[in-house]
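J.: Residue strings, one per chain:
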Amino acid sequence: MMKRIILCALCLMMVFSACLAEELPTKATCYKIKLNRNIPAETMREVFAEYMVPGCEVEYDEYRASCPDLINGGTGCFLTYPEIEESEQVNGCREIAEKLLHTVYPDQEPELISAMPLRDNLLHDLYDFDTYEWIDGRWYFLGQEVTHELEGVLKAAYLAAVDSRKQIEEMDPSWILLQYHPGPVDGLRVGMNWPDSDYNMPYCMSTFIFDGEKNLITAYLGGSFTMTPGKETEIRITKEEALQLAREHNAKENATGDRGFEWDERMSDADVYTLLLKTIGYSSLRSEMVLEEDSGRLVMAVNRKGQMVPAWEFAESYSVVADGKVIKEHQFATDYYFYLSAEDGTLINQ
Amino acid sequence: MTEQELRERLNRMTGEIPAETHRVFLSAACPGKEARIVKRKISAGLVFALVLILITVAAIAAGIVYDLKWWYGERTAETDPEFMRKMAENLVAEPEQQQTEDSLVDVKVREVSWMPDEGKLVVSIQATAKDPEHFELHSRLALDVDGAYDPDFEPDMYDEECEGHAEHWLWRENTDPEADERFRCGPVPQMMDDSSKRLLLFEGLQLAPLERPELFGYASMDELRTPEGEVLYLFEYSQDWMKQDYDRQMEEYIEEYPNMKEYAESQIAKAREARETLNSEGISCMLSYRVVEYIEGMDDTELYAGGTEGQVTFAIRTGK
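Protein chains in written order, with this note's numbering: chain B, 4 to 353; chain H, 445 to 764.
Among the clues, some could well be false.
[To be verified] Below are the EDC-like pairs computed for lysine to aspartate or glutamate, each with C-alpha atoms no more than 20 Å apart in a straight line:
#1 K331/B <-> E295/B
#2 K308/B <-> E699/H
#3 K714/H <-> D272/B
#4 K35/B <-> D596/H
#5 K102/B <-> E89/B
#6 K169/B <-> D139/B
#7 K158/B <-> D596/H
#8 K158/B <-> E695/H
#9 K158/B <-> D691/H
#10 K530/H <-> D684/H
#11 K35/B <-> D691/H
#12 K308/B <-> E235/B
#13 K102/B <-> D214/B
#14 K158/B <-> E699/H
Think of the hints as simulated: they come from the structure by calculation, not from any bench.
Model the full assembly from the supplied sequences, consistent with the hints where possible.
T.: Take a look at the structure:
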């Protein structure tokens with residue numbers, strides 16, 4: 004009897020696991036794509052003018068509209084932290100942003116990938132790129148509180164990020180950032196980056212920044228595309244195989260390329276580096292590129308032939324290593340993606 | 445306003461949206477989008493002769509002297525008369541210099557101007573083929589400017605408007621002021637003045653003090669090829685220590701951050717020493733360059749790192 008119960012329980016577990024397992028398609032259609040991004044300045048003015056902050060000077064350019072008196076150009080145009088925070092304010096802004104996106108890109112079904120107060124986004128940005136954290140109104144650099152003394156060293160080392168920190172401190176927390184990416188193609192999400200691996204511009208990502216009254220401060224339209232179906236391809240590479248290939252790729256690149264750096268290379272001179280180390284209590288700082296193993300996902304990515312094909316997307320990031328110990332992970336985590344063909348595992352974007 | 449109303453407005457202005465223009469790649473990934481291959485419709489020899497005559501006549505008529513005054517006054521349209529005055533005031537033309545033996549090119553430092561009030565140092569250099577009868581000289585930086593060179597390029601890549609190419613392309617400045625585009629470009633042999641000659645590519649690698657190579661920091665660079673076939677480079681350095689009021693700024697920094705006193709004082713001392721050297725015997729510097737002969741289909745490693753390297757040593761000092 005006991006054997007039957009155990010057998011039955013095992014069967015149930017197998018069924019349950021199968022239900023939980025990610026279902027992957029076995030075939031996918033490849034597409035030839037045509038990009039569209041050319042929204043002239045006059046068109047931007049015509050479409051966006053009445054949504055911009057009233058009374059504020061607005062600069063219109065190809066696929067951009069922004070209020071330079073309120074925000075620095077380019078703010079929010081890179082993907083920093085893809086997370087969606089639900090709120091009434093976010094929902095109101097989404098309605099406007101999606102109406103405008105549908106107006107200029109009627110063929111595109113955009114997908115919201117990031118929605119949060121702009122200040123939160125910039126904080127992530129400052130943490131990911133410059134290793135600064137803002138906790139209870141105090142700044143921390145690589146985990147060390149930024150005292151007046153450390154501030155002096157950081158200024159000499161050109162690591163003070165004074166403007167970014169000031170911008171965050173003074174920013175109205177009601178400002179909202181929305182980032183859109185092309186919606187899924189045949190059920191698969193679109194790859195994050197352009198074909199060239201070093202080209203860290205998110206693929207067709209559009210950004211909107213609203214003030215607390217749901218007026219637009221910045222609109223940046225990243226583009227859309229139309230697709231022509233091509234051949235059908237088989238998805239032969241499993242997630243486990245892709246991860247193994249990704250590890251091999253990362254190891255090979257690290258062995259042959261210049262993918263890590265000593266922090267003294269970033270300093271104006273050796274004396275500053277010594278002072279920085281002494282102040283934060285380490286004897287060496289190094290950044291190393293590592294594979295973000297959990298980032299693997301099957302997407303439709305653009306290869307170097309301008310075709311959208313099924314591929315495994317992986318991210319790489321930097322780990323900051325102090326005295327041989329990792330003290331910060333995921334630096335620049337949204338910048339470095341590479342793509343492995345889901346058909347044969349070859350690298351398709353390098 | 446409804447989405448429909450918005451779209452109607454849009455259509456009135458620009459026609460159906462989206463117009464599939466692919467400009468995204470052309471603006472983001474292919475800066476050389478306006479580039480078009482210049483197709484030869486008449487014989488190369490005749491074109492060469494005509495172009496040479498026209499360019500020579502134009503240059504003589506215009507009386508262009510490619511000096512720093514021209515570089516900042518005409519090419520970059522520097523509008524600050526005070527900057528121009530200081531540059532001229534501190535100018536040293538053709539400082540004493542020594543080039544290592546080189547059978548292919550003559551390289552010389554043409555002009556140097558150190559502007560202490562601006563914290564700027566500008567240096568122009570010139571490379572000339574030793575044997576212009578048989579060699580044509582261009583800048584290595586004029587090769588594949590758009591980044592669209594890809595030895596594995598296949599047609600239909602990205603999209604039909606993105607002009608990727610599997611062969612190297614050379615960029616030329618349009619000397620005709622009436623030309624629509626500032627540059628023209630195309631496969632190397634088609635862009636040479638005389639493709640029967642051998643092509644030399646010159647690259648200015650580094651210009652730095654001999655004793656303290658890090659002193660000047662990184663240069664912003666510009667380069668051009670004159671109608672006479674010389675390749676010119678401009679190196680511009682901006683460093684706080686070069687400024688006259690650097691010491692005062694550092695004193696203020698010390699006041700704000702007393703913990704940095706020792707460091708800041710050592711920086712002041714180094715800056716003073718460098719400025720005094722500039723004002724007296726000058727700072728001995730070395731210009732490193734590389735020359736490689738371009739051969740169609742050559743190995744890219746050889747193209748990017750091969751050839752021969754040479755140096756020119758000279759001293760930078762204030763012109764006052």
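J.: Which of the listed hints are not met by the structure?
T.: Checked against the structure, the hints that fail are numbers 2, 7, 11, while the rest are satisfied.
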